[in-house]
Amino acid sequence: MSSGHHEEAATIAAAEQAMQIAFLQDFYQTVRDKCFDKCVTKPSSSLSSSEQQCLARCCDRYAEATQIVTKAVLDMSGLE
Amino acid sequence: MSSGHHEEAATIAAAEQAMQIAFLQDFYQTVRDKCFDKCVTKPSSSLSSSEQQCLARCCDRYAEATQIVTKAVLDMSGLE
Amino acid sequence: MSSGHHEEAATIAAAEQAMQIAFLQDFYQTVRDKCFDKCVTKPSSSLSSSEQQCLARCCDRYAEATQIVTKAVLDMSGLE
Amino acid sequence: MDPNLAAMQNLPGDQQQQLMQAIEQMQVRDSLRMYNSLVERCFRDCVSEFRSKDLNAGEEKCVQSCATKFMKHSARVGIRFGELSSEAESQMQAMMQQQQAGK
Amino acid sequence: MDPNLAAMQNLPGDQQQQLMQAIEQMQVRDSLRMYNSLVERCFRDCVSEFRSKDLNAGEEKCVQSCATKFMKHSARVGIRFGELSSEAESQMQAMMQQQQAGK
Amino acid sequence: MDPNLAAMQNLPGDQQQQLMQAIEQMQVRDSLRMYNSLVERCFRDCVSEFRSKDLNAGEEKCVQSCATKFMKHSARVGIRFGELSSEAESQMQAMMQQQQAGK
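Chains as they are written, first to last, in full-length UniProt numbering: chain A, 1 to 80; chain B, 1 to 80; chain C, 1 to 80; chain D, 1 to 103; chain E, 1 to 103; chain F, 1 to 103.
Errors might be hidden in some of the hints.
Stated by the list, open to error - Pulled a few chain B residues facing chain E out of the computed Cβ check, cut under 8 angstroms: (1) D26; (2) F27; (3) T30; (4) C39; (5) R57; (6) C58; (7) D60; (8) R61; (9) Y62.
Unchecked claim - Far from chain A, some chain F residues (derived; all Cβ distances over 12 angstroms): (10) D30; (11) F50; (12) K53; (13) D54; (14) L55; (15) Q97.
Quick caveat, the hints were computed from the structure, so don't treat them as lab data. As the structure is a computational prediction, the values presented were derived from the model and not from experiment. Cβ coordinates follow ideal geometry from the N, Cα and C atoms, glycine included.
So here's chain A without its partners, still in its complex pose (with noise of 0.2 angstroms):
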């Protein structure tokens, strides 16, 4: 009996574990579709200077705004 719970235990770990990576998977994809349609205009096969210091900006920024809406969302719930 206590096998199987610690069983099921690391089975929903896994599971846990497995979803996180999911979503970094889908936060990664996001992060590069986006910055892609903002900073990448020109129709050549190189990324000139000027977009390369617009998808590092990019990235940055769209980590500051995770962070802000991560607080917003903790706010919020805390206050439900």
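Please arrange chains B, C, D, E and F on chain A, whose structure you already have, making use of the hints.
Quick look at chains B, C, D, E and F alone, frame taken from chain A:
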């Protein structure tokens, strides 16, 4: 053997249930996102009463549109 | 032990197959949605012959674009 | 009566438990997806130029309002949706039965 | 010969059956997703103002035509896609093999 | 220390292996999804009229540049994201814990 069949049928039923719940979640997300896009335009952090009214109507109309689409799909499939 | 390995390899093969089918479904949905957006503009419930022609060409060109992208991706990866 | 609820009650105990776990996992997945799309939405609507390295005060305020407002909206739609979802469920079942009949 | 089809035939009987079930589930999932995106599309294209509580006659007609037309379109693309999909499959496999080689 | 990494080390051997397999599968899934969205993006941006049957030279060149550029972009974002992701992870965990506490 018979118990094996039973178990299998139960697994399939559970899988179907899980799929239905996933569908309802997707459906809910779609309504939420579309009605936010259609109704919420002002930058303030609270919902104005006109926005609230718009949201309620948007949900109702989404439900109506769903009925019409369902009927159209079932009619089409019947004709095949 | 050996039978365990066999079984595991079979499970992985099945998982890969499932993933490929999921990809083909996603791919099909994308073609369907994009070509509908590009070709169907009139509000009637039937497809005009010009819309039908557009759809056929859209599918063919999507396939062509897929080939070019595949080649570009494989070329890029080879350079790493 | 809802045939699916009946189906769930007919499941053996451990299957029921597995299903409950699957549902819980889907709820977490759902809230992570909402969180992801919330950041995406507020970033899209509030941030547009990338000349400076940090968000300016106006952008910060906009992201914050956007998140708060969407959460309020989401709670409202959730309530409305609860009223509508049994209908959505029955229509989905019509679709699924029709599809299985068409095989 | 298609290496994946071969792989499927090499699976033990119960694995083959599990795979068939997984495929069936994906087909249901696929059709529920299409249904969801169909409502979304027709709602987006046909419904724009929310002053009255119900859809007016024009909006109803528009949603109906939109759904019917998309279903016809979908059937046509399905046929065309069947012709193209073995090609899509082989390209996908090139991608997967390349990725596994890159590990 | 990262509580999840600790959780992973506490898993029994076969669970750890299953998790590693799940991660590998998600990586393949991720790259197939990127491939799908890459074709979609380049098709959307480069192909607009359907009067002739084949892509013209300009469209071909555009699709090729689009794919190459996105791959370069993706590699760059990947590096940047590696630096940011431990932060993203900790925020996601705050969300998940908060959600579980709210039950």
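Hints, verified against the model:
| no. | hint | result |
| --- | --- | --- |
| 1 | D26 | holds, 5 angstroms |
| 2 | F27 | holds, 6 angstroms |
| 3 | T30 | holds, 5 angstroms |
| 4 | C39 | holds, 7 angstroms |
| 5 | R57 | holds, 4 angstroms |
| 6 | C58 | holds, 6 angstroms |
| 7 | D60 | holds, 6 angstroms |
| 8 | R61 | holds, 6 angstroms |
| 9 | Y62 | holds, 6 angstroms |
| 10 | D30 | violated, 5 angstroms |
| 11 | F50 | holds, 21 angstroms |
| 12 | K53 | holds, 24 angstroms |
| 13 | D54 | holds, 20 angstroms |
| 14 | L55 | holds, 15 angstroms |
| 15 | Q97 | violated, 10 angstroms |
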